[in-house]
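A.B. asks: So you can see what is in the structure, the chains are spelled out below.
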Amino acid sequence: MSYFADKQPLVADIFSRYPDSPQGRRSALMPLIREVQDAEGFVNGTRLDEIAALCGTTATEVRSVMSFYSTYHTLPTGKYHLQVCSTVMCSLAGSDELWDHLVETLDVQPGEVSPDGRFSLQKVECLGSCGTAPLMQINDDGYYERVTPGKCARILDSLRADLQPLPDNPVPVTVNAEGRQTLANGEVVGASITGLGQLPPIFPGGEA
Amino acid sequence: MKVQVDGVEIELAAGTSAIDAVFEAGGDVPYFCAHKYLSPVGACRMCLVETGSPRKEKDGSFVLDDATGQPKIFWFPKPMASCTMQATEGMHIKTARSSEVVAKAQAGMMEFTLLNHPLDCPTCDKGGACELQDRAFEYGYGASRFGFDRRHADKHYPLSDFVILDQERCIHCKRCVRYFEEVPGQEVLDFIERGGHTFIDTEEGGLPTGFQGNITDICPVGALLDNVARFRGRNWEYDHTPTTCTLCSVGCSITVDARNGRLERIVARENREVNEAWICDAGRFGHAFASERRLTVPLVRVDGELQEVSWDVAIAAIRHGMARHSVADLALYLNADSTLEEGVALEALADAVGSVHVDHWPRYEVSLDAMPNGAATLSDVATADAVVVIGADLGEEAPILELRILEMLRGGILPPEYAHGTAIADLRLVERPARKPEKLAVIGKESRLWAHAGIRASSNGHNALERLSRPDTAELQAALKLLTDSEKAIIVLGADVLNGASGSFAAQLSDLATRTGAKVLAIPAGANSKGLAALNLVPREGGLPFARVAEAPAAFISRLDPGVRARGLTIVHDSHLTATARLADVVLPAVTNYEKRGTTVNLEGRLLELEQAALSAGEAADLIRTLTAVSEALGLRAPVRGLKGARELAAQKLGIKLGELPERGVVHPFRTSHVAPTEQVHIPKLWTERMQPSIQTLIPANLQPLPMLGAAPVGGDD
Ligand code: SF4
Ligand code: SF4
Ligand code: FES
Ligand code: FES
Chain A
3 MSYFADKQPL VADIFSRYPD SPQGRRSALM PLIREVQDAE GFVNGTRLDE
53 IAALCGTTAT EVRSVMSFYS TYHTLPTGKY HLQVCSTVMC SLAGSDELWD
103 HLVETLDVQP GEVSPDGRFS LQKVECLGSC GTAPLMQIND DGYYERVTPG
153 KCARILDSLR ADLQPLPDNP VPVTVNAEGR QTLANGEVVG ASITGLGQLP
203 PIFPGGEA
Chain B
160 MKVQVDGVEI ELAAGTSAID AVFEAGGDVP YFCAHKYLSP VGACRMCLVE
210 TGSPRKEKDG SFVLDDATGQ PKIFWFPKPM ASCTMQATEG MHIKTARSSE
260 VVAKAQAGMM EFTLLNHPLD CPTCDKGGAC ELQDRAFEYG YGASRFGFDR
310 RHADKHYPLS DFVILDQERC IHCKRCVRYF EEVPGQEVLD FIERGGHTFI
360 DTEEGGLPTG FQGNITDICP VGALLDNVAR FRGRNWEYDH TPTTCTLCSV
410 GCSITVDARN GRLERIVARE NREVNEAWIC DAGRFGHAFA SERRLTVPLV
460 RVDGELQEVS WDVAIAAIRH GMARHSVADL ALYLNADSTL EEGVALEALA
510 DAVGSVHVDH WPRYEVSLDA MPNGAATLSD VATADAVVVI GADLGEEAPI
560 LELRILEMLR GGILPPEYAH GTAIADLRLV ERPARKPEKL AVIGKESRLW
610 AHAGIRASSN GHNALERLSR PDTAELQAAL KLLTDSEKAI IVLGADVLNG
660 ASGSFAAQLS DLATRTGAKV LAIPAGANSK GLAALNLVPR EGGLPFARVA
710 EAPAAFISRL DPGVRARGLT IVHDSHLTAT ARLADVVLPA VTNYEKRGTT
760 VNLEGRLLEL EQAALSAGEA ADLIRTLTAV SEALGLRAPV RGLKGARELA
810 AQKLGIKLGE LPERGVVHPF RTSHVAPTEQ VHIPKLWTER MQPSIQTLIP
860 ANLQPLPMLG AAPVGGDD
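Protein sequence lines, in the order shown, are assigned to chains A and B. Sequential numbering from 3 applies to the first sequence in this note's numbering. Sequential numbering from 160 applies to the second sequence in this note's numbering.
What you were told as hints is all true, and nothing was included just to trick you.
Ranges of calculated distance between the beta carbons of each label pair, as one might list FRET restraints: (1) B:234 x A:130: 34 to 40 Å; (2) A:143 x B:597: 48 to 54 Å; (3) B:170 x A:130: 50 to 56 Å; (4) B:234 x A:29: 36 to 42 Å; (5) B:353 x A:25: 19 to 25 Å.
It is worth saying that the hints were derived from the structure and are not from the lab. Note that the Cβ used here is the ideal one computed from N, Cα and C, for glycine as well.
Using the sequences and the hints, build the whole thing.
C.D. replies: Have a look at this one:
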């Protein structure tokens, strides 16, 4: 069953962001993968072929690009995909224990989904919030900071009841529906062909 | 352009890369990712050098060094990868020879590359011929400070039936990935994961057949291995014989590796003019027949059964069998992959006995020598600005020609040549090259090349040329326009049009070539058809073509398998007990083309040499020696005895000097001397059953299970 067959306007919109050339078509790879992953939690098998066909490349290339990023998944993920920071600061602050605890209590290993379909786990590198270690991110929803054993238990209980607590902070930069990177406050960051004109003016007196 | 390498000034052509500058100056730089026929990408960081250039003032004069008054050299702050750097006027380059920084950087890179390398050289097939091994010895520290566990990954990961990947050994040079993208144009391999976890894999369920084996040649380490040859010998145990592949008419340069008299491996040998650095999978993997079920002694039918005998007995049997015939009754047929020398010998014998039944097979019955605009070479194809392929399935007829056409589509950039050989890094070659499919038209049946062609027209072979001359569809019109509008167009003709082609075909073709200015490249039916056609090896007045061997009063059939016998005495000369051999009265053992010395002529008309690999073939003999024996049986003195005699005769008849040809061969304008009806259709087929590696090759029948330690005692010993 094709994913994009009934989403032609969306596909057209994504391709419209890139030059109309073979190389340009390949550039649409990332948003197409993101689209499928957001909807299905992972991208694999026939989906790889479908994206490859759209971009004019091969499934091998799609998998190669996906595997470069830890944020794309080729295996199914749970309703709540818990990403535990395992870099030094968090590790010093107890993220290793947090990880072991999660693996034990949820009874899932990385790459697995708990039988009720709720939980999957992933170790990630520094999320840039070392000051509030140990840190956990749930899906793309936000950061859960200073996750102590007690806080962890509370979060898990709420998740089991499908009442996800609000994150302590949103993920700093996300990609909006137009494919632009935005800050949590909605401010557009990064550059794109269309967005170049919106860059803040260079301050007078600064070195060019 | 003047460049200084380690203090020595040399003169270089513009566009030379820094790495080639160093080699041109007689220096050395270690490298892993650069490859002569692939784009330089700077992936391995082994080729580091220090470089600096003079700078100019605004007025165009050089910034001078106050101390010396010479132009001041502005050095890059760090060592640079020389493979991706262009040498420029006045540039200074320092290699490890003169720079300690470079020596240390390279040793450090080597240590880094070896961090995760398993160092299983003692069991690695690449050992002794490994770029990593050599370079580690030359440029490494000789010790590692890495005291942790190395990466462990799959050591026997089959990418296909023919190519096995050892993921631990891969050093991520990306040669294999670039090869598939750039050469056959199939993006089927790529890096998966990143950093120390990176490995090579495909998501396409295997590697495409055709040209996959080449990655086993270019992998600088033992990560990608030829499964047919895997674990069959160490590099220093092989007898390496440089020779020419005669499975098709391209005539790729190959090296045949034999051990203990068995052919274990075939690898590509560079020939800039023919196959560059590539060969096809059939040529590489399809050699099982050379060492399997060979006929090693003559056989003679006694009381209805074939029995092993000596050559003397076989000769006596022929003499006895011929008693009922006149010598002129003996039909003489040979395979069109026989050498020119063998052809000369057979022609001379036919003349001597007065036989009219002479033929070589496969061949076509048309001569296309007299085309306007001259003969096309493979380099012409690669640098053409348009190619029209008519009625050819290149995968079966001339695989490397397909690669040369694809080379044309990506710009036809032939790397320059230096004293040290082909450029190691030609900076004009780029990753993911833009291709120009509109320069290729394919007319005929669907084939692998279709996918790359901008113009495709389905057509039957017999009228394809006629339809192209007077196009009746938009596609054919486009193809004709492509030919007319281009300066250096080539028309490639294959079996579908050449089968049954006649004199009027040649006239039509020559007319088209004149009109469009295109050169013509007709793919010969057999590996040496082009050379043998210059001899009188077709049925003479009243003679029977090979298709009618069954009607011949008596026949000598060399390495052909029609599956029938002649009416009378049937002598088969073959390397294997073929269906025809089973029907024969006398079977004489033949050597394969891997065990011959001689000359073959490829589709360009290029003379290429065959050398004799060290294979055990018992009492098998080539055609020249066999014909000497047959002559003896016929009571004649053989007109040609041995290679030297054949070469002398060839010099007389064809005016060419054979033997001691340059490694790349020489193109000679061959003329088809005689044409005659073939009365059968040639269906090109590259892979034949006997070429498939049998399971016995992969797992020897006499394999004994190794004695194994019994199950570990309960409780263990830890
Ligand atoms: S498998 Fe060999 S050729 Fe391919 S990237 Fe690894 S080392 Fe290079
Ligand atoms: S292309 Fe022809 S000559 Fe070259 S390796 Fe293949 S079969 Fe042999
Ligand atoms: S180390 Fe965990 S957020 Fe930086
Ligand atoms: S970086 Fe690999 S050869 Fe230059």
